[in-house]
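Enquirer: One-letter residues, chain by chain:
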Amino acid sequence: MDDDGAAHWAIRRDAGPLSPDEQRELDAWLAADERREGALLRAEAALVYIARDPALIDAESDPAAPDEEAQAPARFGRRHFLAGGAAAVAAGVAGILLMPSGQEFSTTVGEVRRLPLADGSVATVNTASRIAVALEPERRHITLEEGEAWFQVAHDAHRPFVVDIGSVRVRAVGTAFSVRRNPEGVDVLVTEGVVETWIEGQETSRTRIAQGERSFVATGTQAIVAVKAADEIERALAWRDGGLALNGEPLSYAVAELNRYNHRKLVVEDPVLARMPIVGYFRTNEPGDFARAVAPLIGARVEMRSGDMHLVATGA
Amino acid sequence: MGQSRAEIIAWVAGNVIPHEAALRARLRRMAVAGEEIDDIVQETYLNIARLKSVAHIRDGRGYLFTAARMVMLQRIRRNRIVRIDHLTDTQALALEDDAPGPERHVAARRELARVRRMIEDLPPRCREIFELRRVEGVSQREIAERLDLPEHTIEQQAIRGLKLILKAITTEDRATADPSETRHTAVKGTSGNG
Numbered sequence: 001m002d003d004d005g006a007a008h009w010a011i012r013r014d015a016g017p018l019s020p021d022e023q024r025e026l027d028a029w030l031a032a033d034e035r036r037e038g039a040l041l042r043a044e045a046a047l048v049y050i051a052r053d054p055a056l057i058d059a060e061s062d063p064a065a066p067d068e069e070a071q072a073p074a075r076f077g078r079r080h081f082l083a084g085g086a087a088a089v090a091a092g093v094a095g096i097l098l099m100p101s102g103q104e105f106s107t108t109v110g111e112v113r114r115l116p117l118a119d120g121s122v123a124t125v126n127t128a129s130r131i132a133v134a135l136e137p138e139r140r141h142i143t144l145e146e147g148e149a150w151f152q153v154a155h156d157a158h159r160p161f162v163v164d165i166g167s168v169r170v171r172a173v174g175t176a177f178s179v180r181r182n183p184e185g186v187d188v189l190v191t192e193g194v195v196e197t198w199i200e201g202q203e204t205s206r207t208r209i210a211q212g213e214r215s216f217v218a219t220g221t222q223a224i225v226a227v228k229a230a231d232e233i234e235r236a237l238a239w240r241d242g243g244l245a246l247n248g249e250p251l252s253y254a255v256a257e258l259n260r261y262n263h264r265k266l267v268v269e270d271p272v273l274a275r276m277p278i279v280g281y282f283r284t285n286e287p288g289d290f291a292r293a294v295a296p297l298i299g300a301r302v303e304m305r306s307g308d309m310h311l312v313a314t315g316a
Numbered sequence: 001m002g003q004s005r006a007e008i009i010a011w012v013a014g015n016v017i018p019h020e021a022a023l024r025a026r027l028r029r030m031a032v033a034g035e036e037i038d039d040i041v042q043e044t045y046l047n048i049a050r051l052k053s054v055a056h057i058r059d060g061r062g063y064l065f066t067a068a069r070m071v072m073l074q075r076i077r078r079n080r081i082v083r084i085d086h087l088t089d090t091q092a093l094a095l096e097d098d099a100p101g102p103e104r105h106v107a108a109r110r111e112l113a114r115v116r117r118m119i120e121d122l123p124p125r126c127r128e129i130f131e132l133r134r135v136e137g138v139s140q141r142e143i144a145e146r147l148d149l150p151e152h153t154i155e156q157q158a159i160r161g162l163k164l165i166l167k168a169i170t171t172e173d174r175a176t177a178d179p180s181e182t183r184h185t186a187v188k189g190t191s192g193n194g
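Chains as they are written, first to last, in this note's numbering: chain A, 1 to 316; chain B, 1 to 194.
Rather than coming from a laboratory, the hints here were simulated on the basis of the structure. Cβ atoms here follow ideal geometry from the backbone N, Cα and C, with glycine treated the same way. Heads up, some of the hints might be wrong.
Said to hold, decoys possible - What the simulated footprint calls covered on chain B by chain A, stretch by stretch (three residues with Cβ under 8 Å from a Cβ of chain A suffice, anywhere in the stretch; the number is not a length):
1. 6–15
2. 44–52
3. 59–70
4. 113–122
5. 130–136
6. 162–168
To be verified - Listed next, with one range per pair, are the computed distances between beta-carbon atoms:
7. A:Trp29 to B:Arg160: 17 to 25 Å
8. B:Arg110 to A:Ser205: 41 to 49 Å
9. B:Arg116 to A:Glu22: 27 to 35 Å
Stated by the list, open to error - Negatives, chain A to chain B, calculated, CB over 10 Å:
10. Leu18
11. Glu104
12. Gly201
Only chain A is shown next, with the shape it has when bound in the complex (with noise of 0.2 Å):
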């Protein structure tokens, strides 16, 4: 580390505009090593650390956290979930008429849509997914025919609520879960409370999955087995505030997962850079910023093809 001459430019620039002669100087120092530019930019932010006010650095934290509707449910506590049931519940009438009993909503490639039901659940349903909704007398049923849907069960204990995923079933009295559909199997994922699964055909096996846990069913499986993740379910969840939080996953899923959101897809070819990790909260409608930010790490370059966005490793 070179934080002798960093401090010094780091203090020179801090001290006032530098003058022609000491901006050549800065330029020349700069050149001899290019990881100077890495040690000035440390030691100006250290400066920049220790003078700022340390009560925003929480609030800093989080900078690009767009609009309220994106920060608003990050967490989802009891609280929410009984304002949202309230919402829901003062829709009902209204919510009658968005999602009568017996129909299929979909939504398109990059919409995520809230949706309340006439019972006063609510269904969050993600991109390019398909629900089938059956409000029963003595029972509320769901079918998850494609995609993902994250469900805030209105509490009914003579009307238990079950989402079909193919021949997954799960069952929630008044909790909040979420299941998605792909061809390797169904993720269950559990908020809040307590659900049961089972395979079709198997209502005798029954397994319960309670808050904090999830289970991933591979298709064909006989056995669903529930282990604890908390921190990963509100990850896997960021997707209802428009997010994909990544913690080390390859790139490969990064892009597979902000390609179910976009038209313009991500291509990667390169086997290499497709498995490099990737760390970061993006925006699952901004793929190009997502390309643009991860490029550099990876040693990669974002090309356009076609409409496409392909990542190539810059000649490596």
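Once you have looked at the hints, place chain B on chain A.
Expert: Only chain B this time, still in chain A's reference frame:
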């Protein structure tokens, strides 16, 4: 699209500098040599310096760890690691933030205490200059007048103080130690998403 350099510096100050010590601690636990850690950290800052904008990055700490991991991988590929030749790609990929999620966000109060301690630990003259300049916003020239010292001396003292701060941000003191330091046995969820 692009952001000013001042905006990027402010973002690094608030979102990266507070976590540098945790990154270094993590690298030390991976048995990376001290000089190598310095190089990795410096190259990581270089990569951040080259970003046109940081507006889309919400998790500075996560970004710092990822950027460092990329640097490490590149260094291994370029064979620039001499001191730890046993380090493999797999190990570099294992460089991840093992602090429990909710504790990754440095609490403002803890961070404030850390900053205060850094300033308190400076030699008296450095400290006086820093408090005038950084906290009260007095110009270097005015500090020189107030303390009746040549401006050049004030500058030298400020440089000396900043070097000490640059050293201080590399380590966590006990009171502000990162949870990942003491709780690195915490099991990280491994059931991947895809």
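Enquirer: Which hint numbers does the structure go against, in order from smallest to largest?
Expert: Result: no hint breaks.
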